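Based on the hints, put chain B in the right spot on chain A.
There are 2 protein chains.
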Amino acid sequence: MMDATTLNEPAFGPHSLNKYASLMASGNGYMGVRATHEEDYTLQTRGMYLAGLYHQAGKGETNELINLPDVIGVQIELNGVPFSLLSGHIEQWHRELNFATGELRRFVVWQSPCGAQFAIESRRFASAAQPELFAMRLIITPLDSEASITLVTGIDATQTNAGRQHLDETQVRVFGHHYLQGVYSTQDDAAEVVISSFCHVSGEAQCNVTAKNRRLLQNSSLTVAAGESVTLEKLNWITWSDDRRVDVDTLSRQNLEALRGCASLGYDSLYTASREAWRDYWQQSRIEVESRDPRDQQALDYALYHLHIMTPEHDERSSIAAKGLTGEGYKGHVFWDTEVFLLPFHLFTRPAIARQLLRYRWHNLPGAREKARRNGWQGALFPWESARRGGEETPEFAAINIRTGVRQKVASALAEHHLVADVAWAVVAYWHATGDESFMAHEGVDLLIDTAKFWISRTVECHGRLEIHDVIGPDEYTEHVNNNAYTNYLAHENVAQAVHFARHFARADEAFYASAERFLERLWLPVCDKNGVLAQDDTFLAKPAIDLTKYKLKAGKQTILLDYSRAEVNEMQILKQADVVMLNYMLPDRFTPQECRANLAFYEPRTIHDSSLSKAIHGIVAARCGDLSQSYQFWHDGIDIDLGEEPHSSDDGIHAAATGAIWLGAMQGFAGLTVHQGALKLTPRLPESWQRMTFPLHWQGKAMSCTLTHQHVTVKTSAPVSFWLFDQWVTVHDETTFTLSGFILPAAGTATTEGE
Amino acid sequence: MMDATTLNEPAFGPHSLNKYASLMASGNGYMGVRATHEEDYTLQTRGMYLAGLYHQAGKGETNELINLPDVIGVQIELNGVPFSLLSGHIEQWHRELNFATGELRRFVVWQSPCGAQFAIESRRFASAAQPELFAMRLIITPLDSEASITLVTGIDATQTNAGRQHLDETQVRVFGHHYLQGVYSTQDDAAEVVISSFCHVSGEAQCNVTAKNRRLLQNSSLTVAAGESVTLEKLNWITWSDDRRVDVDTLSRQNLEALRGCASLGYDSLYTASREAWRDYWQQSRIEVESRDPRDQQALDYALYHLHIMTPEHDERSSIAAKGLTGEGYKGHVFWDTEVFLLPFHLFTRPAIARQLLRYRWHNLPGAREKARRNGWQGALFPWESARRGGEETPEFAAINIRTGVRQKVASALAEHHLVADVAWAVVAYWHATGDESFMAHEGVDLLIDTAKFWISRTVECHGRLEIHDVIGPDEYTEHVNNNAYTNYLAHENVAQAVHFARHFARADEAFYASAERFLERLWLPVCDKNGVLAQDDTFLAKPAIDLTKYKLKAGKQTILLDYSRAEVNEMQILKQADVVMLNYMLPDRFTPQECRANLAFYEPRTIHDSSLSKAIHGIVAARCGDLSQSYQFWHDGIDIDLGEEPHSSDDGIHAAATGAIWLGAMQGFAGLTVHQGALKLTPRLPESWQRMTFPLHWQGKAMSCTLTHQHVTVKTSAPVSFWLFDQWVTVHDETTFTLSGFILPAAGTATTEGE
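These protein sequences, in sequence, are chains A and B.
For the first sequence, the UniProt record's numbering puts the final residue at 756, and the numbers step up evenly by one.
For the second sequence, the UniProt record's numbering puts the final residue at 756, and the numbers step up evenly by one.
Errors might be hidden in some of the hints.
One copy or any two copies: either way a pair holds, since identical chains are not told apart in the list.
Derived pair list, reagent style BS3-like, types lysine-lysine, alpha-carbon separation capped at 25 Å [said to hold, decoys possible]: (1) Lys550 to Lys212; (2) Lys409 to Lys212; (3) Lys543 to Lys554; (4) Lys212 to Lys557; (5) Lys371 to Lys681; (6) Lys212 to Lys554; (7) Lys552 to Lys212; (8) Lys409 to Lys543; (9) Lys557 to Lys409; (10) Lys557 to Lys681; (11) Lys212 to Lys59.
Derived by calculation from the structure, the hints in this document are not laboratory data.
Given the structure is predicted, the values throughout are model-derived calculations rather than measurements.
This is chain A alone, in the form it adopts within the complex (with noise of 0.2 Å):
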């Protein structure tokens, strides 16, 4: 099929243990299984999550995606030695996650100290058929002389949030000699969880099965001759319900059923099914590109790959989390990442799934309007961080102050309030891409008013004008400001687009209009000076700036805050990632090509970029400037936020949003994508080490295919779409390629044609 690439750990070490156990992760959005190996580290975080099952551990917690009993862990020994990777020597090692049929594969020839040489083959996959599947393989084939084997497996319920313990352990039992099931509830009692391990291993095993201490066992022992093979093959289902109408009987009853179905076709068909899906998924998704850096490729395969495993689509009340199912990072709590670096995937892709998700905020409306009531505002405050039923979720604490020893509060939830019209702007984005009139007519407007009467409730008169105080934008380095320009631009916007829409689809009183008129007139929104600069908020050009250099080399981790308290940063010139930039990528028609320059350029050497969302957005905006080697720059650098050589990055998980916006960067800063006065738009503008770009795009319900060169764009269509390219408007029926010579194109380094 397609010619896939394939992520490759290059050698074991236990310093990357984690982040390979994030960037290999198996999932289908119902699931996310970290890819550790079956053997213990002491250093290694297992980890497997259910989407949208979240629990709050104890006082002073929050709701967090709960770290499931463990399934992946073999206690493997071999002659009496358990197997481990530090210890006796590694003759091959050979690790592999294919991108295309999400199969992981390891393949060791290890000696142990003792002497004796082994094969270790595993593989495994969550199935991309059946959610609830994840079924593993493991083969041992001793070298050179016979060996005992000693392989012990089931389900591992001490598994913990780091130490946050969300389950109790309902029933353990065994079925046969194969069939373990562990049937757990969540301390509160709200939800059921089941999961059932098929564990089987070949040959004359001796066996037992243990439950103690949370862990339920199988131990099978056997003596395999040289050069031949034992192999264990372990399936999994899991099941989980928070329907008090569902009893825990039927539950577990029907999990076993369905697992027994799948151990009665084995590894083999299950993994054939599961590829084929995901066949279909790259057919309707994958960008591939010509470049001379085969990273390139690899990385779009990576995101899209992560793209599909985090997204429930099975599930309107989930969301998608910032680290996706991938780790335990931000307790797998959802963020303004999902519509704003995620959810343009869906929308051109597949729009469906962008529907979805943003009925997830619509099913969150009353937690919303109750946090804004509670707050003394009106219509919609969406919390900053929010799990399954849309409470706030935000931790009370952060890192320790380094001059007063106790923890810093974390202030987002009471301030970071952008994420509101964010929201709005995702609506209005899938009403552009998918003219859903039955979404927008229901769903779409009221999540406009509502966002919009929270902005016209959020203001102060002041200055003779209405002033929006006591935020933080985006650059979450600077709080508690007065109108920052990036939230009121985007709430202007909000309430903008809530009083068209609500005008169009008749959904709103006198009142609402004659308020939201009165705020869109009034409210301030701070103007660029005369060299296009645009102040982040009423007081950040009177801040000192320092050298930030040594933070940058750094970018990502945060060390600022060794040097500095948080009440220090916030009285200097220094960001986390850059609002304005952000601003002028999110209204692009608000800003002339020159004021998006001149905005980069202030404002880049004061952005440390400790934010993962920083840098690909100022990839866009660059390459929207025509800066394409600088924005080529910024993508790559985007891509090494998971993918670089550092080792730590991914530790708790992979950034979500950074694996958006590799597409977006891709999609939005090389092929130009926009949306211009509700029209789609290209603008090609590859960077000179990619000879072609080829992707899939769904537009207002028709499938097209693009493909880029440097001197053609070739559109295939399922039906006649007409939309702007450069500044042309065109009508494609069926195949054309344009000859890129014919079209006025943007001289690198001055400004595009964003305007026609």
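Chain B alone, transformed into the frame defined by chain A:
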């Protein structure tokens, strides 16, 4: 001072990590700290426990000793390579627990996988002088070239009891550069725990502190020249309170102040104070032997070391856990082990502690009365397993039933009632050893009467007599039987003693005496058959016997349950431990030597000794029967429960009762210590390989010191003392040496002089 023995871990091995973590644990009765290495290993279970600090972690769980946040762990990175003895090469290894001083030391020379060599030395102790103090020192020396060294340590609250979390993290903070403090509360809010750590790294270390995911860690990095050393000194002060009148801020502040005081003294000075306290203990308690087998002295020192560190002298609301404070086995619960296996040691060395252990039961009389009442009986039914508050803590489930695949219920809480009589037995033993009128008149009689009332109500009228139905004796492989011999005899003794002391102290009414006398007259006491064999219960002798050889070879591991379900075991003559032998031991005056010998001969082949309580008692009864060689063998087998070769025997803690049994075996077996008609009796019978045995003995307020050889008995005393020496009543005023040839000694293999 003393000619100390030590415990050495002969080599580093992943399989024996947890055995030595238990055997070499540090403690002082207030805290227990497992002897885990500074560096992590996947199979290594860390543990720190405070006596009496229990909590129930969730539904279906019982209260268990809380595994506290860890302070032992230090991540050591040498030139960027994590230090682990699984990798690289161990050039030198020495690890030793010094029983005399309570200090644990390790010295290793390690060659890193990169080739550089390092000497790594660590020392630690739980202070015997300041119970809240745990002190550590770590010294690292690069041997051949300059090295970069990183040490990460602090307070790690990700610890759980096999995945069960008990503590919420209330607050973490840092004071200056070197003081870390974590404040935790049990999830039920009943208790607060404060841990402060002073962490000081010598030299010019770069240092920062992070608090994330329940870990409060100091990270220190520095470069050390070849041949120079870096020293980490870490002092920890650990306090808790379940007194609601103490507010947590006060607790935290006092904790920090105490630690600051320690830090001003430093490791060496603190260690000196602790060593002095240990010296006092050994002077009061030590048994010294001259044996051909040097392991004998080591075993005695091992036992007395653990008997000291397991005993919460500071708190009469706590008793002794089944694994002491060395691991999580039996969840830290208190069993009859305390009264029967551990209390005698204290009785004859420091009787105030024995009094305190009995007061633990006395404090918990309300719970025991409540348990009796709820089950329709009178008096006090102590819980089979108890924790701090005296409620029933026996877990609901044991191992998986191999026939049904579901976990089998634990019946002990329902029917293993002999504990009630064991407590009464211990009260009487305390009275004999101390003559403590004030205790006996109040707590003692309370305990005797309430336990007697239970037995009186526990009988049923059957076969024209009173019987006790549906019980489990000490032999837990035989459940729900009628007229278990051990239970009936001990109950009879209990009621008889209650009547005796109630009359003596005029503490009961006539109704009690009347019902008690009726009970004593009419309770069925099974009698020995013509061969001297006493039936364990009404049905035992009718059950089939099977060959137990294969299971006896793996005594202690309950391998019988891999072949048979508990229900099946119950229907055969299969004993975990022999009730009748135990009965012969407990009430020696009730049985002739011939009967004891007959029962030993009959039951031993039917006994797997899967209980760690089994062999030691067999050994003492064998010694009393004159079979010294069998007795010595049983005693050695008892030593091997913890100190033997089996690498996993003590993974979840040492066997507290087995350490008591080492003392019992030496004193009651070889020194022939018994109480006969209320008087002290010595019947020395040293094993053939022992030349001399010296021990202190506390009797009725007098401090005695005895030296035994095969020819002589020398007794020194602080005040005149009379006792039975064999069958002669002797009095020692100051010091007397008796020549054994002046006594009628039991011939080997024939009757002892139990009667005189």
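Quick rundown of the hints versus the structure:
Taking the closest pair of Cα atoms, Lys550 and Lys212 come within 25 Å of each other only across two copies (24 Å); inside a single copy the shortest separation is 51 Å, beyond that limit. When the C-alpha separation of Lys409 and Lys212 is checked against a cutoff of 25 Å, the pair qualifies only between copies, where the shortest distance is 13 Å, while the shortest distance within a copy is 40 Å. When the C-alpha separation of Lys543 and Lys554 is checked against a cutoff of 25 Å, the pair qualifies only within one copy, where the shortest distance is 23 Å, while the shortest distance between copies is 75 Å. In this assembly of identical chains, Lys212 and Lys557 lie within 25 Å of each other by CA distance solely across copies; the values are 14 Å between and 41 Å within a copy.
Neither within a single protomer nor between protomers do Lys371 and Lys681 lie at most 25 Å apart by alpha-carbon distance, with minima of 38 Å and 79 Å respectively. Taking the shortest Cα distances, Lys212 and Lys554 sit within 25 Å of each other only across copies (19 Å), while inside one copy they are farther apart (45 Å). Taking CA atoms no more than 25 Å apart as the test, Lys552 paired with Lys212 passes between copies only; the shortest distance there is 23 Å, against 50 Å inside one copy. Only within a single protomer do Lys409 and Lys543 lie at most 25 Å apart by alpha-carbon distance; the minimum there is 23 Å, versus 70 Å between protomers.
In this homomeric assembly, Lys557 and Lys409 come within 25 Å of each other (Cα to Cα) only inside a single copy, at 19 Å, whereas the closest approach across copies is 52 Å. In this assembly of identical chains, the alpha carbons of Lys557 and Lys681 never lie at most 25 Å apart, being 37 Å within a copy and 74 Å across copies at closest. In this homomeric assembly, Lys212 and Lys59 come within 25 Å of each other (Cα to Cα) only across copies, at 16 Å, whereas the closest approach inside a single copy is 28 Å.
The structure shown violates the earlier hints numbered 5, 10.
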